[in-house]
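Enquirer: Could you build all of it, start to finish, from the sequences and the hints given here?
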Amino acid sequence: MSKAIVAGEIRLARVSPEYWRVTFDLPPLNIFGPANIPQLEEIVSSLETNARVKVVVFDSAIEGFFLTHYDLLAKPEESAKFPPGRTGLQALPDMLVRISRAPVVSIASIRGRATGVGSELALASDMRFASREKALLSQWEVGAGLVPGGGPMARLPRLIGRGRALEVLMTANDIDGYVAELYGYVNRSFPDAQLDAFVDGLAKRIASFDKQAIAETKRLVNIASLPPDSEIAPEWDAFINSLGRPAAQERIKKLMAQGFHRPGDVETRLGDYLGLLGR
Amino acid sequence: MSKAIVAGEIRLARVSPEYWRVTFDLPPLNIFGPANIPQLEEIVSSLETNARVKVVVFDSAIEGFFLTHYDLLAKPEESAKFPPGRTGLQALPDMLVRISRAPVVSIASIRGRATGVGSELALASDMRFASREKALLSQWEVGAGLVPGGGPMARLPRLIGRGRALEVLMTANDIDGYVAELYGYVNRSFPDAQLDAFVDGLAKRIASFDKQAIAETKRLVNIASLPPDSEIAPEWDAFINSLGRPAAQERIKKLMAQGFHRPGDVETRLGDYLGLLGR
Amino acid sequence: MSKAIVAGEIRLARVSPEYWRVTFDLPPLNIFGPANIPQLEEIVSSLETNARVKVVVFDSAIEGFFLTHYDLLAKPEESAKFPPGRTGLQALPDMLVRISRAPVVSIASIRGRATGVGSELALASDMRFASREKALLSQWEVGAGLVPGGGPMARLPRLIGRGRALEVLMTANDIDGYVAELYGYVNRSFPDAQLDAFVDGLAKRIASFDKQAIAETKRLVNIASLPPDSEIAPEWDAFINSLGRPAAQERIKKLMAQGFHRPGDVETRLGDYLGLLGR
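Residue numbers (our numbering), protein chains in the order written: chain W, 1 to 279; chain F, 1 to 279; chain E, 1 to 279.
Keep in mind that the hints were calculated from the coordinates and are not lab data.
The beta-carbon is built from N, C-alpha and C at its ideal position, and this holds for glycine as well.
Some clues are possibly wrong.
Only pairs whose alpha carbons sit at most 35 Å apart, straight line, appear in this in silico DSBU-like list of lysine-lysine [to be verified]:
id, chain 1, residue 1, chain 2, residue 2
1, F, K134, E, K204
2, E, K254, E, K75
3, W, K81, F, K211
Residues of chain W placed beyond 10 Å of chain E at every Cβ, according to the derived structure [to be verified]:
id, residue
4, P28
5, R98
6, G184
7, I240
8, K254
9, G271
Expert: Take a look at the structure:
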């Protein structure tokens, strides 16, 4: 696998024709915004159509951040400019839905913060494994007066039950690797030093299996477990609408003044800062 | 929060306009019956319509009992006298369904026994936290020849999976805080000394968030996770019908002779007594 | 309970008229094939119609194997000869669906390997308890180029969530008692020395309850939690079709050469062998 690091990209590496790795390398914080949509779209399209790929691992090249919240410094028209994707959904939820349906096994290998978009990408993936010490998962939106937009209201209750899903969404707090495993937010968490070897071993194992058996089995699991797109669709609109309301604008402004969107304490301990915003 | 204890009531305290606390104080055992329906109905209506409340915590003022089974000493006509509630369901399931749908986050803080109605109220709440040493959850009904009436057949399998739900319902046994957490019957259990501070901190955090963001996010979770009322409706009828059958009458009579509905061993170790009833 | 062991049968013992025990005793490996379908069908029919039975425990008389994969040495016409069962499904999925719907509580007591059919029977049962040291659960099929046929794509995601279900199905790996409990693949696992007493105590407890209360409560849980038969139906066809493809034929041939279907390392450590097949 290529180790060359190019700043500011979502990097696709083919460990083998059957086993791909997608690495988020968007310094300094792995914030995901409209600028990153075309690159991820291209990767998702390849996963859907490539005849050989069987398994893809999503990971990060940025210390402390798997993939974090949506870029709130991007102009609204930047997000609005994308036409609906193939599913008819808006660009971001469209890609997430297509990852879930692709005839390829997707694995999120979570080290650092998976907040907002990062959590949503992990939830759209087929499996999630986390560093016990270094992973933090969260849906931070309600803490900032926002409604999450990328599918977690549809996906989290089906994955971890209504009660734990409501806790994640309504407290907007950081969930560590231990609790994420207890709740089923991730499949399992591992001591940080073991995570990479475990995920790599799993991916190589799956890559050695038959692609048709993988695709047909996954297709039947999809029927039993994927939310209908009609449940995903209203989330993005609710997110965009919430973003325009004074309650959110005020909270985001306060966060920005404290250092949001820049390396430092607010991004690192986002859960703590959200708890103090409205007091 | 007012600390004054008035015997025999469901007490509503407003910690703040945004954070309410509902305390079951029905000595000596927190048995819930038709006499308590109007008071709970009034509270549920306030939760639905109050413009400021964002979070409500349900807890108990009675040592050893969060909230326990339905009052079997009440005359059947007392239970039958209530007209259907706003949802068209019978009074008790109507209130539980409305708690689940209210634009307010509900948290059950479970210390002591949550059996029958107590478990059903906890399951209708958005989240559940338990004292590891002092919580006991159960659906006791099948052990007494009854069918549960307040929604657990619809809610438990969606929350904890069919297998563990069937174990809870078919064994009618007491589930302690440790197993309740393992099963997801509660979000998490805590050492008893930590429970109150944890729940209070969570409630204050949520109370500091924006009400509209809370309500819209919860509404979307509801679509993904609430059972349809049509699954709740038949449970109450099944409960009432089962109550009239000889198998239940005989078991309840035996339990009464042993001390049921009075402070003492039967109410405290109900799971154990049920296991001996039919032998 | 009769202790007499007759080789090569699925043995029904009536511990009492209310408590039955079905023991898989198909030496040397508890492989399940078309030859065993009539006997299991007869037992399932009895469970459906007997007026007294309330609980049935499935266990094994074969050291190391609860019940394992389908018999791949049987001629395809042997499997094809059975007419559709009462549900309209093919014989094996028909029986599994009927166990889930029977007015009787079914408990899988898992010691040794529950792979393929063994896992599918456990998943169709109402509850599953496992030996922590000696249980191994798996859906091995994808590892051999096959698609599972007995319902796990419909049942596993509903039981343990999509992420962990996809891990079980896509890795085709052995899951031990500890992880099976963490994932909810089993209700709970116990130290091996405690398993039998726990399951026997549970069964005797349920056997002492009222049959009508059990049946009505289970019927309402079924509405909330069973997959529709239309999701079960395509799995068997997918399994049969996959069996005829070169990818599967080649892998099975390789496994046979290594000792598959005979006592020894391949059957005991099947997960490990599958991981090496395609490399």
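Enquirer: Each hint should be assessed against the structure and marked as holding or not.
Expert: Hint-by-hint comparison with the structure:
no.	hint	in the structure
1	K134(F) to K204(E)	holds (27 Å)
2	K254(E) to K75(E)	holds (18 Å)
3	K81(W) to K211(F)	holds (30 Å)
4	P28	holds (30 Å)
5	R98	holds (16 Å)
6	G184	violated (5 Å)
7	I240	holds (27 Å)
8	K254	holds (35 Å)
9	G271	holds (23 Å)
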